[in-house]
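Undergrad: Residue numbers (my numbering), protein chains in the order written: chain S, 451 to 900; chain H, 90 to 336; chain D, -9 to 285.
Treat the hints with caution; some may be incorrect.
Unchecked claim - Below, simulated SDA-like cross-link-like pairs (lysine to any residue); rule was C-alpha separation at most 25 Å, straight line: (1) S:642 / D:108; (2) S:882 / S:896; (3) S:850 / D:1; (4) S:694 / D:1; (5) S:848 / D:108.
No lab work stands behind these hints: they were computed from the structure.
None of the values given here were measured: they were computed from a predicted structure.
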Amino acid sequence: MTRNSPRLGRIPSILTFSLAAFVLAAACGGGGGQQNSGGGFKGTKKVGYSGALTGQSALYGKAVSQTLKLAMDDLNAKGGVNGYKMEPVIYDDGTTVDKATANFRELILQDNVQAAFGPVTSAQCQATSPIAKQNKTLFLSATCNSYQLSTEPDLINPYFTSVVPNTYMEGTAAGRFVAKLGSKRIFIVSPKYLFGVSETNAFVASLKRANPSAQIVNPESTWYVPFPTNPRWDSTINAIQSFKPDLIYTNIFAADEINFVQQAQQVDPDFFKKYPFVDLSSVDELRALGNAYPLGMHLYMRAPFFAINNQRMNDFVKRYKERFNEEPSDWAVLDYDAAMMWGQAANAAKSFDADKVIKQIVGHSFQSLRGYSFTIRAGDQQADVGETIGTTADSGGKYKFPILKDAQNLKGSDLIMPKQLMQELRDGKCEKDGNPTTTDFALCPSWKQG
Amino acid sequence: MIMDPPPAPPATAGATMPALQVRQLDVRYGKSHVVFDLAVEVARGELLALLGRNGAGKTTAILGIVGLVPGASGSVYVSGRSVSKLPSYRRTKGHVAYVPSGARCFPNLTVQENLELTARPAAGGWTLARVFERFPKLRELRSNQAGGLSGGERQMLAVGRGLMSNPTVLLLDEPTEGLAPVVVQGLGSLLLDLKRTGMGILLAEQNHRLALRVADRAAFIEKGRIVAEMPAAEARGSDILHRILGV
Amino acid sequence: MSGGQLLLFVVGGLSNAAYLFIVAAGLSLVFGALRVINMAHGSLYMIAAFVTGVVANQLGLTLGFWGGLVVAVIVTGLVGALIEVVVLRRVYGEEHLVQLLATYALTLVIAGVVRTVFGANYRTVKPPAAINFSVTLAGNSYAAYSFFMIGAAVVIGTGVYILMYRTTLGRNIRAAVSDPELLSASGVNVARLYTVVFVMGAALAALGGAIVAPSQAVNASMDTDVLVLAFAISVIGGLGSIIGSLVGALIVGEVLSFGVQNQYTNPYAIAFVFIIMVIVLTIRPWGLFGKAEQT
C-alpha cells in the first residue's frame, strides 16, 4: 500500500499516443442547417459540400460555405427549388482525400443531398466524382479543375459539370500570357499532384507553342514540390536565386503560396523584384498576405471581384459584405454561379432527378457573376468561362490588400479545349507508351499537328 | 474530514499538549473499511510503538494521520491544534513528518535535493549540516541521485528528510525493514536521541525487538483496530506478542 | 549535393527543430509531471500564433512582433491555467484514455473558438524590422529570422534547463515526476504545482506559436499540424525528457528538411518521421532519453 494511485507505464501511454493520433486523423468537423420548412414550401431538400475548412486549403472553404448559405437563401427567396426549401449541408474534409471521400458518402447516403459541390483539390475530386456517379448525384465543380476529371475514361462522369476554367484553359491562358511578356528564362514551381502536373503541362505546352524560344531553366525533375503543405521553401528559394530566371511560373496556392511568398521575402526583401512571378491566385491569398503581397506580380485569377464590374457582381459583393463582413473570394463567386445554375436547371427540369437536371444543364446557358453568360457544352460538360489576368498593384486604400491593375478578362471561348483534342484524350490517343496514367494532351495527334 | 460528533477538543492548545492525538480515525478504501475508530496519543518526548502484522492497518493508519487517504474521517490534533481539515501538504509542513516504508524518497533527485525539499528551518532545529553530521555517509553522497543509494543509505535519507522539517511529531512506517542489524542499531540510538529533544514519535513496526527497546508505550493493532495498549516494559515478553505478532 | 546546399538544408532543419523543440518540450514537461498527454497542446500553440498575428499587426513593425509574443504568452498561459483548473484536475486519477478524450474535446472547443474569434482567414505576421534581413553563407542566402528562431530555441532551452535543475520550483517539479504523493507529504502543494507546470507547458506552446508566426501562414489547422510532429518528437526522444525533446526535434527537423527538398524522398518526408518513431518504439519503447517506468 505505498503507491495507490493508478498509473500506466510508458509503454501503454505510447500506445494511447497512437490512438490519439488516430483519433486526430479521424477528427471530423460537421455542421448542417436547421430542420424546418418555412411557410409555402413543400418541404426541405439539401445540397451538400465537402470542403476545406481546415488543412492546406482552409483558406478557401469558409468562402464557399458562406456562399452556399447565401445562394440557398436567394433560391428560397424566389420560392425555392421545385417548391422545396433548400438547405446546405457542409462538412469539413481537412483538405484530405480520405475525409472528402467519407464526407461524400455521408452527404449522398445519409443526408440524401440533391447535388454535391466539388471539394477543393483535384485529388479529392478524383476520389469523390466516382461516388457521385455511382449514386446518380450531380457533381458541381467550382474549384477543382483538372481536365482529366472529364477526359480520363475511368473518371468520366455524366453527372459532372464544371463552372471553373479547367487546367487546360488556365495553363493555356498563363502560357500565352508569359509568351506575350517575352520572358526567356522561366523557373517552374508547382504542387506535386494531379492539378499541379496537369496545369503545368498545359502551361508549358502553350508557352512553347506561342514562344518557342522561351526556356524553362530548372530541370523537369525539380518543377514539383510536395503537396499538401510544404512549410519550408529554402530549397526552392535558393534554387531560384541560383538559376536567376526572368520569371517564376507557379501554381502553388493557399498555405503554400503564403509560406513561399513570405519566406522568399525574408531571405531577400527584393526577391520578387528580381524574380517576379506569374501565379494562379485568389482574393484569399491577397487578403491573407495583405500589404506583404509583392506588387508587380502577374496573377491569373478565376473570379476576382475587384476586376469584374457589372451590376450582378456589384450587388453580390454588397450583399456578401453586409452578411459576412468581408469581400467575396473567387471561390465564393464560382460556387454562387454553380448553385444558381443548378437551381435554374432543377426548376426547369421540374425534378431533382440527376438525369433530368443534367439535361437542363448541358447545352444551356446561364448568367454568371463574372459578367457574361456561359454555356455548358456537351462532352466534357465544361463551361466556357474565362480567366482574369493582371498585375498586382496598390488598391489605393480601397482594400487592405493589393488588387490587379491592367486586368484583362480573357474569354472562355478562346481558352476551351478543342473538341477533337478532348475526343483524342478520351480515346486514349494521347498516352506515352499506351499507358493510361501518362495521358497528356500535348501527346495528342491534333495538338502535335498544331 | 468532518468530525461527527466533534470529540471533546483538548482544553488548551500549546506546548503542554500531547504532540499527537488521534480520535475516532476511520479509513475506507472505496467499500472496504480498513481502520476502525482508531485513537492514539503521543506525548512530547514519547515514543509509541504501533505493532501489528503485515496488513493489520499500520500503514493505512499513518496515511490517515498524514492526510494522504481521501476516505479518512476522524480528528487529528498536533500540539492540541486540529489539523483534521488541513490537506496533507499543510499537515506535513512543520507539524507532522512522515517517513514512509521502503525508505521511499525521490530517486531522480540528489541526496541534498531530497533533504532540502522538506527543509523547514527552526531555531536550534535540524539543518542540512546537522543531518550530514549525524549521517556522514549522506554528506559523501550529497550529489548522487537517491535512486542509486543502498537500502541502508536510503533509509538514512528518508529519516533525514523527516528531520529536516523539524516536526512536532515524527511518523515512521517500518523503518527497519530489510536493514542490516548494525544500521538498525544506529536507527535505534537516533530515535532515543530524538525523544530527548522532545519530539513525539509514532513508530509502526513488525520488528518488535527494536520497537520495544526504544518505545515508552506499545499499541497493538489487528484487523484495523487497536486491541491492546500498554507500557513497553510490560509488553516485552508478554503473551500478546505471540498472539498478535505470532512470535 | 554541394557543401552550400548541405548547409542550407541543415539550417532549414535547425529552424524546423527550433520551434518544434520549444513546443515538444512543453508537451513533455506536462506529461512528465502530470502524466497527462495533452492533446490540446497544439491548440495552445495555435492560439498564441493568432494572438501574435493580431497584436503584431496592430502595433506595427518595430514593436509589433515582440508585443505580440508577450501578449500571446500571457493569454495562452491564462487559458492554460483555466484548462488545468477546470478540466484536468477532474481527470488526473483517470485512465489515459479518459484524459485523452478530455483533452481531445478541448482541441475541438478551442478550434471552434479560434475560428469564431479570429476567423478562418489566414494571417501573416512580419518579422520585426531589426531581424528582417538576408544573410549570405557559402553562396546561399538565408533569412536572418531563421537564425533568430534557432537562437530563441537555444535561449529558451537553456532557460528551461536552468529552471528545472537550478531552482526550487524545478526541483519540486522533478520530485512530482517521480512521486507526487510523497511530495505532498513533504509539505508541497501539489495541486498548485500542477497548475504552475501546466501554465509553463502552455507558455512553451505559446513561445513556439509566436516564434513560428512570421515564418508560416497562421491558420486554423496549425493545431493538428504541430501536435502530430510534437508527438513524434516526444515519442522518439522520450516523453518527460527535455533533452529527449531536443534530440527528437533535431532528428525530426532535419529529416523533414532533407526529406522535403529532395525530389525522390519528398513525398515520404513525413513518413520517414513516423518510420523513425516506429523503430525507436520497437527498440526503446520509452524513447531515446526517456526512462522505463519503474515498478
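Undergrad: Each hint: holds or not?
TA: A quick look at each hint next to the structure:
no., hint, in the structure
1, S:642 / D:108, "31 Å, violated"
2, S:882 / S:896, "15 Å, holds"
3, S:850 / D:1, "34 Å, violated"
4, S:694 / D:1, "22 Å, holds"
5, S:848 / D:108, "22 Å, holds"
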